[in-house]
Structures are given as structure tokens and as C-alpha cells.
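Here are the chains, one letter per residue:
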Amino acid sequence: MVDNEAGGRKHVDAIVIGAGPAGLCGAIAIAESIGDGTKVLVVDEGIEPGGQLPKQTHKFFGHEGFYASVRGFEIGKRLVDKAKELGIDFLMQTTLAGIYEDSIVAYDRNSNSVSEYTADYILIATGASERFLLFKNNTLPGVYGAGAVQTLMNQYKVMPGKSFLIIGAGNIGLIVAYQLLQAGAKVKAIVEATSKIGGYMVHANKIMRLGVPILLNHTIISALGEDRVEGAIIAQVDGKFKPIPGTEKEITVDTICLAVGLQPSVELVAQTGGEIRYISELGGYVPVRDENMKTTVDNVYVAGDLSGIEEASTAMIEGYIAGYNIAQKITGKDLSEKITDMKNELVEFRKGPFAAKVREGLKKMGISFPSGGYREEIQQIPSSPSKLKAVIECPQAIPCNPCETSCPTGAINTGGNINGVPQVDYEKCTGCGICVTKCPGLAIFLMQQREEHSIVGIPYEFLPIPEKGSSVKLLDKNGKYVADGQIDRVMINRKEKTHIVFLKVPKGMEGVVRHFEMSTASEESQAYICRCEEVSRNDVEKLIDAGITDYEEIRRVLRIGMGPCGGKTCRSVVLQIISEKTGVPISESRLGAFRPPVIPLPIDAIVRYAKGVDTDE
Amino acid sequence: MSEVKGAYNVCIIGGGITGTALAYSLCNLGETSVAVFEKSYLSSGSTGRCGGGIRQQWSTKNNVRLAMRSVELFEHFKEDVGTDIEYYQGGYLMLSYDEEEAKQFEKNVEIQREEGLDVEILTPKQVSERYPYINTKDLVLATFCQKDGHANPHKAVIGYAQAARRMGAKIYTHTEVLGIDVQNGKVVGVDTNQGYFKCDAVVNASGPWSKQVSQLVGVDLPTESYRHQIFVTEPLENFFPMMAISFAGNFYMRQAQHGQFIMGQGDKDEKPGINYNVTFKFEKELTVKMVELFPFLRNLRIMRHWSGMYNMSPDAQPIIGQSNIVNNYFYAVGYSGHGFMVAPAVTEALAELIVLGKTTHTDISYLNVDRFANAEVEKEKNVV
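Residue numbers (my numbering), protein chains in the order written: chain A, 1 to 617; chain B, 618 to 1001.
The following block holds chain B by itself, in its conformation from the complex (with noise of 0.2 Å):
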């Protein structure tokens, strides 16, 4: 066991939107003997990393109220936390090109309507004579809900951190943690290269790491990390508000408030594993596939084009909660490529949990991990 540098209350491993947003979050409610561990710089990981969409239009009841308490959080972003991220309420244009899918989408809007998101559904025809822009040639429908909308990701996690260190807490970037020490099936400390830090719980929010972090303590987390690929363009005056995504289509793409145009598609053939690298295949296919959809995008140049992991979790929702084998140790993992936009309420809710023992503004009780101990699993359908 290296020096003791320090203790604190609570250690949270992982610099990016859920560390830094639950830093935060334990600090409002009083706690704010923090401490989060980030082995690179903040938002190095996947938040930095990702498109930076905000939406509501979930298949599950569940997940339509997370979201939707995530955008309250949102809306007043700037006011409780102190900093502007770019947030805009653009609106998310769901396209479906698949007589299946769209009857999905469709039965999706009842639910989302039954919780009161307000989402429309539109013919092609309402799509391009709204978004005349966007060629509709094979759209079967879309849903479009104007309380979507998207953030600058990086700006977020550097609000969040800079609230949660006047607050009091701790941030310790280029600080990796190596082993977590648990004692009588309690978490008592963690190591890390710069020195051991005493603690009273421990909770992984290490993202593409999740699995490998939760080794540390034993406990096995279904989770595995793919690559999704990602790139933007350059600055055209804004007139895009909107995320535009498709599932059966496989893309995503909004204006970001610079004017650049970010997009990016899943690819099936991704193995497991981490890696950063990009590839030269999926310029040629999201370019060729988008200049179809969108023909303004022609006249455009790529800027830059990197990675980041989606950590997926077998349902394609995040896993979030408290440990049954080791006490003390707290998990919010598994966000299968929609962790940020979920971040405010989730990092809330287990503010709640840490402090209080439970949670009150929302129930996060379906994403604990002892789901996948049942037999049925109600897999999330809206993930590119």
C-alpha cells in the first residue's frame, strides 16, 4: 500500500459527465467530502467524446422520466451550476425508413405522451415542407419532440467540476486508480499512482473501464465497450436545429452552436474492446449516406473525425445502483452510448441514494444490476 495522501467520505472514479455531475450533486445535498479520480483530463473518456444529444423519446415509461427530469436539470443548467454549456432546445427529429420500426415509433409516442412529453408525429411530407433541407425520399415517418435538444458535453463536465471544487470537493486528473481496498466486505480506501486515499464508499463511474474498475472490488459488471466513430464538419451559419437520428437508418447528426455539423453511425462488425483508432470505412459510408439525406452536407469539409466507446450493458440501459456483495460500493455504468444526457437526473438520484439511503426525485430501482438476474429483460429500442 503506497502513502496515504488524504481521505474523504466519498471516492468516485471517473472524470466525465457522471463523475464530475455526481461530485456535484453529493456536494448539494451537503456532502461535500469528495474526491473524484480521473487517469487522463476531464472528459477524456466518453463524454468528451460523444455527440452531445439530449432527447426524450425513450421506449420504456422508465426511461421517458428519467429523461425528461434530466431536461428540467438541463433547463436550468447555467443557473444552479454556473456555467452556459450550449444548451438548446432544438428539438430531435426521430426519421424511421422501416414500416416496423415506425409502428414501434408509434406505439413509443403513446407512451411518451401517457408520462407528458409533448411529441409530434410527421408524414414525409410534414418533413420536408418543414425541414425542406432534408431529402425524405424512402421515410416512412418521423416523431419530433421539441424539449429535445443537445449541449456541448466537454463544457458540462468542466461546469460540473469547477461547481462541485467550489463546493469544496476534490478533482485529481492524471490520478489512476489501481486497486480498491475492501475490508470485512466494506470499501475502505483506494489506491492510486499518486497515493492511497482513504474512503468511506467508492463508486465506478469509469465508464469504457467499467468492467476492468469493478474487478478491483470483485463484483462482475455485464458490461463490454465498443467503438463508435464519430466526425465534424466545418462552420456553416446556423439553420439546423434539431438532432436528426434514425435507428434503422444508423446515423445521428446535429448543428452544434458554432455552425459545425457533428455525425457518426454504430457499426455491427465492432468488436469488444477499447480502442480509439478511426477508420477511413466509415468516412466513405456515413459521407455517402448522408449527402443522400442531407445534400447541403456535399459542400462541406470534415475538421476532424475521432472515437470514443459506447459501455454497453445487455439491455442497452444503463446500470446504475449500490453493490449487494461489497457494502459501500456504487455503480453508474452501462450507458450504452447515452450517458450524458442522462447524467443530471442519474448522478441526482444517487446523490439520494449515498446520502439519504434512497432516492426522491426519481426511481432508478429497474437500472440495478440485479435485473439481470431475471429471465426477461425489456431491451431499450431507441439506440443508434
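Pulled out of the complex, with its shape left as it was, chain A reads as follows (with noise of 0.2 Å):
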């Protein structure tokens, strides 16, 4: 892999720190122009290379150069294969501990060792840390930052809470609240400071017409509770964001989510004595960079988050641009055609007015980059179609356009810029909802009046997947009850997993209707009855009816009591149960087998005895 100098320390020509977007697509470019991946070296601190991008479960926006419409964690192993085909090295849940004047030393948590390398050229892609937020028993166990929330529960699928309140109406508070909502917790809230979205209004509607309310102008005073969250005290802020007397209210939660900005990992770039400055528009301290991404020291170059608060796509386009700098000086090669085109792409990417932020941050620098060009305007819904045609609702200039690109009939456009707001032409549309299971901001519906009742078409990325013919309520764009209806029919997407559910609604309705909520059975009948197997009082029942009636036909089939526990709190319920269905008293019921042991017993404390007893004889 490396060149071992004296010492045991390990030489490469080029390390890259940090295997999120930017990082990658960094050690792509390189290894790729030196044509050998074994001169580049990825070091990261997480147990899978990618960053942030395995803990992402939302299809990403841009275009697809850039994996646009590609969920998050399948870009990243999209990008992981790609350099391990290079043969590029990576060292995983290894920290860079420090850039030396000598060496640059890895700590291996794993195996509790350090190393040492030298490079001739370092691309840091550090990329961010959370900020915090103060308020009154911010310590107490269930305040979470939202990169916690989603690495619990999308990378270890673990659930760190039921009901949440979040903190932040940013793309990602907005974006964790939907994956939480998707995961089967109940977000009662999100608040916010400022007055407005500052996340794309897209991935807001997604979550509102779920019936999460966003409230604006609010913050946090106070988590409540004595050994966890219990809830939380949130209050209306004046315009210098300070609370206002009298308007606090009491949310109850078990969870309270910190979605309230980022900050770059700037600390590796200052031990190469790279310059720092604050430009809070980039997110406060950043390293001093030209637009090749290098630094202030000639040999160290950084990409992505850490060198301003922004998005994967861009992160990428850093990436490969501080890549093919670093490569062309390796080589001696002229990289600069490649070069430019990624110009080109950030270029493009950073014209709407999401990137304005951006753009004045790098013009301190003395970067500038140009604005606007792109399309606002708004089209209007066209009135009550005969036959299934698509409605976009993505009222804001983002740079995105799948929807343009994957329309077969050519539909769609964005106006020439990747930042237009989209509009369908609709002699061409067919209905087809190619672009409803395409477009990230699950912003595409489509509609029909027919004779009796209209259809609207919603994407859906929810379990159970509804079944043909059930009646549901409708729901409108805040979440609002508006109507009863019924499914009609489902399309299933088994590759991409966003489906279209359609809904039959009264005609007049298919402008307001925007998601439908199933009218199922009562909370108490999806509580777990076992709750080492996670076995629910629905799941018992249904079994019951189909005649499965005896205990231990059922615990065997639903392995409940089949736990740890081994049924000594399911036992009665289960048979309460039979009795409650079957009619016959609990007393005459059939308790079942009580197999020992009665608690799991190690097999080494077995083992151990035994042969303590051999010995003995």
C-alpha cells in the first residue's frame, strides 16, 4: 500500500482526511489521474467510509452527474466502490490526531495504536460539527443533536426516542423530522427562531402534510423532566430573538432534536498553519482558500463543509476540484480542462438564491461567483384534467431537475438552468408518475377528475404500503382532516422505494388532498404485548382469526415469549386474549409448555461446572 521509510512511519502522495462526499470524490480524482489508487490514503473516524451520506435515507437534489434523485447512503457506496476499484486504502475509526511539523499521526481506536505517515500532498475534508443551543437542562439524557438522531437511528437502527420536538427548521431539522416520521415516531413539533423556512420549502411541505406543525418565531426555554426528557417548555421570540413573557407553552416529549447549524472542523488546518477567518456566511471559522480549493500553505487543500457550510453536491464538485489540482501537480499532467468543468458545475449550482449566503461568504474571500438567470415564475395549476396528468408544487429556485431529466415524453423543464422552478407542458405529459417517484422533494402529484370522484396520485415513502380498496382519511397540505376517500390503487417502486399511492377523493378535491391517513385500528392494538420479541396485540389477533387459536400455536409462530423474559409478562395477556376471542373462559384455556431454564443460563457457567464436576469423580 505504502512506501515504509525508516522509522516505521509510511509514506504516500496523497492523503485524504475525512471519507465523507468531498473526501471521496477527492481520493477519486486523484487516484484516477495518477492511475494508481495505492498512492492515496483515506483516513476517517467513522466505522463506514462515507460521512455523512450513510446516514441518509432521502433521495438527494441536483442532477444526476451528481446521483441526484440517489438516496444518500446509496451515493455513498456508490462513491466507496468506486475507490476501493481504484484501489485507493482506507483507514476506518481512525482519527487523525495531529498534523505535525514531522509526521501525521493516526490514533486506531480499534486497535488502540497509532501510526505515523508523511504525504506529499493533504486534502482535509473534515466537514462540520454540530452547533449546540443553551437553554435550561440542555445535559438531561434525550437532547440529541439531529447527526446523533439520524446515525442512531438510520446507521444503527436504533430509536433514540418515541416523540420528538425539534429544534431548527433548516434542510436538516426538516429532513430528520421526515425520517423519524418514516421510522414510526411522532414528532409533535419543530421550532424555529427566525421568521421563515430556511430549509427548501419542499422537504417542509413533506413533513407538513403529515400534520407536523412548524412554528416560526419560537424557541426552546427549557427541557423538562428529573432523570430524562419528559417534555419541553417552548415560548414566541420578539425580533432580537428573546423570548417574550406569557407565551410559553408546555410540549410533551421524550426527545428533544438540535437542528440549529453547523460549523466547520477547521482544527487540522490550522496545525498546517493554514490561515482561519471567520465568515459567518460560510459558518463561521473557515481555512482561506483560492478557488482550487488550496489553502494558504502550498501543499494542503481542503473541500466540502469544512470549507463552508453547503450541500453533498457541491461538497463533491470541491472534492473533485482540490483532487485534480492536487493530481495535475503530482503527475505534471494538464488537468485543467476537467478542472474547469467542475467550475462550471459549482458555477451553476450556486446561482439560485439558496447559494446567496455562499456566494457572499467567498466573495470576502475574493472568490466571486455569479447569480440569477434562472426561472421564478410560478405556473398555475391547470383545472380538473380528464385524463391522469402531473402537478408540480416546488415553488422555490433549488438547484435540482430530475423531474426534466427522467420525463420520457419530454414534458418537463426547468428553462434551461438547473435552478429553474420546473413547468410541464401538458400536451406532452402522459401521467406516466415517472417524475412523482423521481423528484427528491417528493414535490410531483398527479391528478384526474373522472366521472363519480377525481384521483390524486401522492408519492409515498411510508410502511405498511396501503392496500387497494381501504378507506383512508384525506388529509390536506398542513395535515388537516379534509374528507374521507379510498385507496384506489398503488403503483409499487421496489427499486427506488418511493411509490405512488392513489387516492380516490371527492371531485373538487384533488388541489387540496395531499396525503391520506389510514384508518386503522386503535393505538392500544399496536402496543406490544411481548416486549422482548416486539410481538403487538394486532399481530396476536389477526393469527387468532385466521384459527390459529392455541397458545402455543401462536407463541411459535409469533415467537412471542420467546424471550429473555421467557413470556413471564405475555403469557396471560396472550391467553386473556384467546379467551376475549375464542369465548372460552380463561380458566378452561391451555397454558402451554414452561420450558426451563427460567432465565437464560450462560453456557460457559455450564460448562465450567461440568467439568468442575468431572474432576471431582
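Some hints could be false.
[To be verified] BS3-like, lysine-lysine: derived pairs with alpha carbons at most 30 Å apart: (1) B:K695 - A:K468; (2) B:K787 - A:K581; (3) A:K162 - A:K387; (4) B:K754 - A:K611; (5) A:K568 - B:K901; (6) B:K906 - A:K542; (7) B:K996 - A:K611; (8) A:K497 - B:K695; (9) A:K611 - B:K906; (10) A:K497 - A:K387; (11) A:K157 - A:K497; (12) A:K542 - B:K695; (13) A:K468 - B:K815; (14) B:K724 - B:K898; (15) A:K468 - A:K581; (16) A:K495 - A:K387; (17) A:K82 - A:K338; (18) B:K996 - B:K906; (19) A:K242 - A:K136; (20) A:K581 - B:K695; (21) A:K477 - A:K188; (22) B:K772 - A:K542; (23) B:K754 - A:K568; (24) A:K611 - B:K898; (25) B:K622 - A:K581; (26) A:K568 - B:K772; (27) A:K136 - A:K196; (28) B:K898 - B:K678; (29) A:K542 - B:K996.
[To be verified] Some chain A residues judged to face chain B by a derived CB distance under 8 Å, without partners named: (30) G547; (31) R559; (32) P596; (33) P600.
[Unchecked claim] Derived CB-CB ranges, DEER-like: (34) A:D108 - B:T740: 30 to 38 Å; (35) A:E467 - B:V621: 55 to 63 Å; (36) B:N941 - A:N538: 49 to 57 Å; (37) B:R918 - A:D545: 33 to 41 Å; (38) B:E793 - A:N538: 28 to 36 Å; (39) A:R489 - B:I891: 25 to 33 Å; (40) B:K815 - A:N538: 39 to 47 Å.
Bear in mind the hints are in silico, worked out from the structure with no lab data behind them. We put the beta carbon where it would ideally sit given N, CA and C, even for glycine.
Two chains, each in its own frame: build the complex with the hints.
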């Protein structure tokens, strides 16, 4: 992998610190250009490479060249696969402990060991850390950063709580709220101290139609609870973000999730001697760098959130720019064409209103990016088409165009600039629904007026997938109940998992209905009877309805009572349900077997005992 | 005689894998006038207590064929029967710790390969390379068939039962057969604790109770039931795909879909007779042996320990067929510990025999009870 120097120090052409989108793209660009991945070493603290990508279950914005419409974790996999194909080495669970004068030192947490490196070039792509917020009791267990919630939920598959209050309505807060809802948690509210939603409106719409309120001009005053979070006090704020007395409200939640912004992780750049400057538009202290991503130190480059808080597409592009520049110096080859292509991509991505802060921040470093040149006009929604047609509710200029590039009939365009607001040519739209499944903002709907009723097709990413014909409550864009309806059909999208649910809605409501709620059984029926194996009352009742009425039969199908408790809590409850449903008195019911051991018995203890007995004999 | 409660063409005694699969197979052939009588709950006998292995590595040609047909049916279980039974073809690794047995294994593999079964012979070195978590000390050789596997026996019974019910069969649980009505040498009905049912044919699929049930029609079956114990550990993430088994080493073990390890061994000192108790001696013997061979087990805990019956025949092979003493009395018993894995093929053949008068998929004539009248019986060697 690497050349060994005297004293066990290893040398590489380039070391990349951070295996997020910026670092991975940088490493790929270098390895591809020099034709040898083994000269590139990537170091990252995480368990798996990808940075924040493995935690992201939503589809990304942008264009297909940078994986738009692909889910974050999938993008991570693709980049990592590409890097590994090129032979790039990864040191995972390894923290770059310091860039010293004489050496780069890595600490492997797993083996509790240290190793030393030297490199001709360093690409630092360490990303950002989450900002914290000061409020009373903010150390109570149950207060999490949004990144931790995503790590637990999406990477480790552990839910940190059941009902959430989210602080901050930027894209991260909105996305985490949606992911929590997908995972079955409740989101009681999102509070946002400023007077507007900071994230994309399409992200906000996704959760508002599920009934989550976004409270603007609000902040958290205090977490409530003794040993852990049991609630929170929120209040309205004035123009100077000061809480207005008398507006306090109590919310019952078990988890508070902070999504109040990010700050670049500049420590390592500072250690190299690179200049650091405070530029609030870029997220606070950032490394000073030029348009080729080179810092004020000749062989040190940066990319991604470290160089200014932005998003994954621009992080990837910056990674490529830094990587090609490093490769150009290593090989002596002219890579200016590739570098220019990537710079042009950046220009396109940064033209819109959401890049305004980044543009301003970079101007302070002497780097300017143009703005404007895209369509902002919003198309009028046609009234009641007799055939199925797509309706796009994407009101802001955001750099994203999979609707345009996925449409098989060329009916959708963003007006020649990726930031443009999309429009539909209704002469060409066939209502096929491909754009509905592609749109990362889930902002495209299908509608049709029929004789008896209307049809609304909505993008759907929840489980369970509703069954055709079932009755539902129809919800509007704010999640308010507006009428009763029915599932007309469901178009399953196995690969990308954005399905389309077609709802039968009353005529004239096709512009109103944007989501639905199953008219499901009560909460009690979904509560767990068997907590060890997570079996609900509903599961048991369904089986009894199907004619499986013996405790032993139910036990073996559902694994009820097969967990560590051995059925100590659930057996009597199940017997009660069997009795209720079959009419056989519980006194006459068959108890089932009580198998030893009563508590899980360690094999080791038995073996030690058995061997002891043997020697005694 | 108690009150007449109903009439069926075929009455099956036993709600285990054989009884329910036979009901399903009969319905598939259009014979839907079928009742199953189970004295307890479904799979309460041997099926619901067994290890759930499904293998084709047998020592006789006929048994290999029967097992291969069964696997074909298991492979389509989900589509055909409509239930996910956690069927997984993770293979069977048969470990030999005995020179003589190893030679026999090699002979067996020849027979198996002649039947078209893909079986590998592995050296101890190959075993430890492939499965670094197995201690191969004292191992002589191993054979491996990837197409072998395992499934959840209880789910299979419920799957067959529900499919049979959907097609019209009736399944009576907690209904014990007390007598079988034979008139003029022909079966005409069964008497149960829930009433009398007329019928044209009776099938004895009563597993551990095969001998006693057969005595109800006055036919002697040479079967005896022996207790076998088994336990299951807490779950681990799945990493152990195959069933590991040894005859000389006297054990079998697999990891179920949920992650738990299920394992058992035989006991030569076991006396015949039905006994559902369990012994701590078993836990001690098996754990000491198994942590030696599979050291990772040391860190696990035992969750449940139970026992079930092997209904043994003199040659350790099932006894299946039609009586030539009492008309329309059929039996599918004496599985000797491997009824679950061959049930799909056995019941398919038996249903054909009942409905069509002959088998069309698999020949089971070699399993008829008449074979014990002959002096020479070919004993199945591959049994724990």
C-alpha cells in the first residue's frame, strides 16, 4: 500500500482526511488521474466510509451527474465502491490525531494503536460539527443533536425516542423530522427562531402534510424532566430572538433534537499553518483558500463543509476540484479541462437564492460567483384534467432537475437552468408518474377528474403500503382532515421505494388532498404485548382470526414469550386475548409449556460447572 | 359409539407435518373431503420439537431420491403453499471424527453423486479455512451439500394446515382418536372424544403414538418412541448458514433465522417410551462437547430446553404404505428422527397412492412395512 520509511513511518503521495462526499471525490480524482489508488490514503473516524451519507435515507437534489434522485446511503456506497475499485486504501475508525511538523499521526481506536505518515499533499475534508444550543436542562438524557439521531436511527437502527421536538427548520431539521416519521416516531413540532423556514419548501411540505406544525418565531426555553427528557417549554421570540413573557407553552415529548446549524471543523487546517478567518456566511471560522481549493499552505487543500457549510453536491464538486489540482501537481499532467468543467458545475449550482450566503461569504475571500439567470415564475395548476396529469408544487429556485431529465416525453423543463422552477407541457404529459417517483422533494402529484370522483396520486415512502380498496382519511397540505376517501391503487416502486398511492377523492378536491391517514385500529392494538420479541396485540388477533387459537401455536408463529423473559409478562395477556376472541373462559384455556431454564443460562457457567464435577469424580 | 358428527373420505390421525402436509397434498389432487384429528395443538408432537434440518445426504439411493424430491417441494413452498417458513439452503456440513465412518461417508457421496446431488468432500484444513469458527481438532473429513438446509417446522405445519383449510379440509385440534371402526376388514369410521366420524380411509400419522394408534385397527407396527432432547440459545447476528452434524460426534446444530442456535444429541441409554421431561445432564454433556468444537458458543446463554420423540423403526427408515390386513388403512410413521425433512415428498406420494392407487413422483414401495418380513434389511446409517 504505502512506502515504508525509516522508523516505521509510511509515505503516500496524497493523504485524504475525511471519507465524506468531498474526501471520497477528491481521493477518486487523484487516484484516477495518477492511475494508482495505492498512492492515496483515506483516513476517517467513522465505522464505514461515506461521512454523513450512510445516514441519509432521502433522495438527493441536484442533477444525475451528481447522483440526484439517489438516496444518500446509496450515493455513499457508489462512491466507496468506486474508490475501492481504484485501489484506494481506507483507514477507518481512525482519527487523524495531528498534523505535526515532522509527521502526520493517526490513532486507530479499534486496535488502540498509533501510526505515522508523511504525504506530498494533504486534502482535508473533515466536514463540520453540530452547533449546540443553550437552554435550561440541556444536559438531560434525551437531548440529541440531529446527527446523533440520524446515526442511531439510520445507521445503528436504534430509535432514540418515540416523540420528538425538533429545534430548527433548516434542511437538516426538516429531513430528520421526515425520517423520524418514516421510522414510526411522532414529531410533535418543529420550532424555528427566525421568521421563515430555512430549508427547502418542498422538504417542509413533506412533513406539514403529515400534520407536523412548524412554529416560526419560537424557541426552546427549557427541557423538562427529572432523570431524562419528559417534555419541553417553548415560547415565542421577538425580533431580537428574546422570548416573549407569557407565550410559554409546554409540550410532552421524550426527545429533543437540535438542528441549529453546523460549524466547519478547522482544527487540522490550523495545525498545518493554514490561515483561518471568521466568515459568518460560510458557517463561522473557515480556512482561507483559493478557487482551486488550495489553502494558504502550498500542499494543503480543503473541500466540502469544512470550506463553507453547503450541501453534498457542491462538496463532491469541490472534492473533484481539489483532487484534480493535487493530481496535476503530482503527475505534471494538464488537467485544466477537467478542473474547468467542475468549476462550471459549481457556478451553475451556486446561481440560486439558497446559495446567496455562500456567494457572499466567498466574495469576502475574493472569489466571486454569479447569480440569477433562472426562471422563478410558478406555473398555474390546470383545473381538473380528464386524463392523469402531473402537477409540480416546487415553488422555489433550487438546483435540481431530475423531473426534467427523467420525463420520457420531454414534457417537463426547468427553463434551461438547473435552478429554474419546473413547468409541465400538458400537451406532452402522459401522466406516467416517473417524475413523481424521481422528485427528491416529493413535490410532484398526479391528478385526474373522473365522472364519480377525482384521483390524486401522491408519492409515498412509508410502511405499511396501504392496500387497494381500504378506506382512508384524506389530509390537506397542512395535514388537516378534509374528507374520507379510498385507496384506488398503489404503484409499487421496488427499486427506488418511492411508491405512488392513488387516492379516490371527492370531485373538486384534487388540488386540496396531499396525503392520507389509514383508518387504522386503535393504538392499543399496536402496542406490544411481548416486549422481548416486539409482538403486538394486532399480530395476535390476526392469527386468532385465521384460526390459530392455541397459545403454543401462536407462540411458535410469533415467537411470543421466546425472548429473555420467557413469557413471564406476555403469557397471561395472550391467554386473555384468546379467551376474549374465542369465548372459551380463561380458566379452561390451555396454558402451554413452561420450558427450562427459567432465566437464560450462560453456557460458560454450565461448562465450568460440568468440568468441575468431572474432576471431582 | 358416540354421536355421528360428520363424514369424510379420508381421516388423518395426527396434526404434525405428515398429517397437515398430507391433507394439503390430498386437496391438491382434488380430494377435499379430508379431516385431520390432532389430540393437542398443531405440531405439538414431534414436528414442533424437531431441529428443522432438511438434508439429502443419505446412505441409500432410495432415501437420497426421496429427500431430493422433498427439497424440490421445499424450494417452492412459499409459492405453492403460501407461507414463508424461513426455508434456507445454507447447506449441511457432515463432520466425521472416525476413520471407518469417514470411509463410509466417501461411499455415501458416491451414491449421492450418482443421483445427481452436488456434494463436496472437505479436508479438515478446508473446513477450518471455510469456517474459521469451527475447531477441527480430531476431524477426519467432512462432506458438504449446499442444497441442504433448514426451515421452521412449526411454520411449515401452520402453512400446510392453513392451505388445506382454504381448499376445504377440516382440521380438528384437541380432538383425540379413541377408536377406529373396522367392519368386514375395512375401515369405516373413527371415534373421537368429540364424536364419531364416518370415513372411507384412515391414515395413521401419529408420530410418537404410531404403535398405539395402529393397535386400534389391530395392525402391529414395529415402532418404538425414544426421547431426544434439544435446546436453543439466545440469538446472535446470523453468520452460521449451515446445519453442522456428526454421527460419530453425536450432535447437530444450526442457527435459526432469528439468530438463535438450536442443537441436540442422541442418548444411547434412553429407554423406549414417551417422556417429555428434560435433564440437566444433557445440558452439561452437550455444552462441554459443543464449546470445544464451536468455541464461540461459550459466550451464549441457553434460552429454552425441551424434548421430543424419535419414532424409531428397526432400520431407522420410515414405514409408509397401505396395510394388506385392513383395507384402506394407511400409515406414515417410524420416521426415526427425520420426518420433517421428507414429509413433502412422502405425503405427495401417499396422497397419490390414496387418490390414484399408485405413486407418480417418488417410489415409496421400499418403505412398506412388509420389508421387515425379509431377513435382510438395509439399515440407514446417517442418523444421529
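Hints versus structure:
no.	hint	verdict
1	B:K695 - A:K468	holds (23 Å)
2	B:K787 - A:K581	holds (20 Å)
3	A:K162 - A:K387	violated (42 Å)
4	B:K754 - A:K611	holds (19 Å)
5	A:K568 - B:K901	holds (26 Å)
6	B:K906 - A:K542	violated (42 Å)
7	B:K996 - A:K611	violated (36 Å)
8	A:K497 - B:K695	holds (24 Å)
9	A:K611 - B:K906	holds (11 Å)
10	A:K497 - A:K387	holds (25 Å)
11	A:K157 - A:K497	holds (18 Å)
12	A:K542 - B:K695	holds (20 Å)
13	A:K468 - B:K815	violated (44 Å)
14	B:K724 - B:K898	violated (35 Å)
15	A:K468 - A:K581	holds (27 Å)
16	A:K495 - A:K387	holds (27 Å)
17	A:K82 - A:K338	holds (18 Å)
18	B:K996 - B:K906	holds (27 Å)
19	A:K242 - A:K136	holds (15 Å)
20	A:K581 - B:K695	holds (29 Å)
21	A:K477 - A:K188	holds (17 Å)
22	B:K772 - A:K542	holds (15 Å)
23	B:K754 - A:K568	violated (41 Å)
24	A:K611 - B:K898	holds (12 Å)
25	B:K622 - A:K581	holds (25 Å)
26	A:K568 - B:K772	holds (23 Å)
27	A:K136 - A:K196	holds (25 Å)
28	B:K898 - B:K678	violated (37 Å)
29	A:K542 - B:K996	violated (46 Å)
30	G547	holds (7 Å)
31	R559	holds (7 Å)
32	P596	holds (5 Å)
33	P600	holds (4 Å)
34	A:D108 - B:T740: 30 to 38 Å	holds (36 Å)
35	A:E467 - B:V621: 55 to 63 Å	violated (43 Å)
36	B:N941 - A:N538: 49 to 57 Å	holds (52 Å)
37	B:R918 - A:D545: 33 to 41 Å	holds (35 Å)
38	B:E793 - A:N538: 28 to 36 Å	holds (33 Å)
39	A:R489 - B:I891: 25 to 33 Å	violated (55 Å)
40	B:K815 - A:N538: 39 to 47 Å	holds (41 Å)
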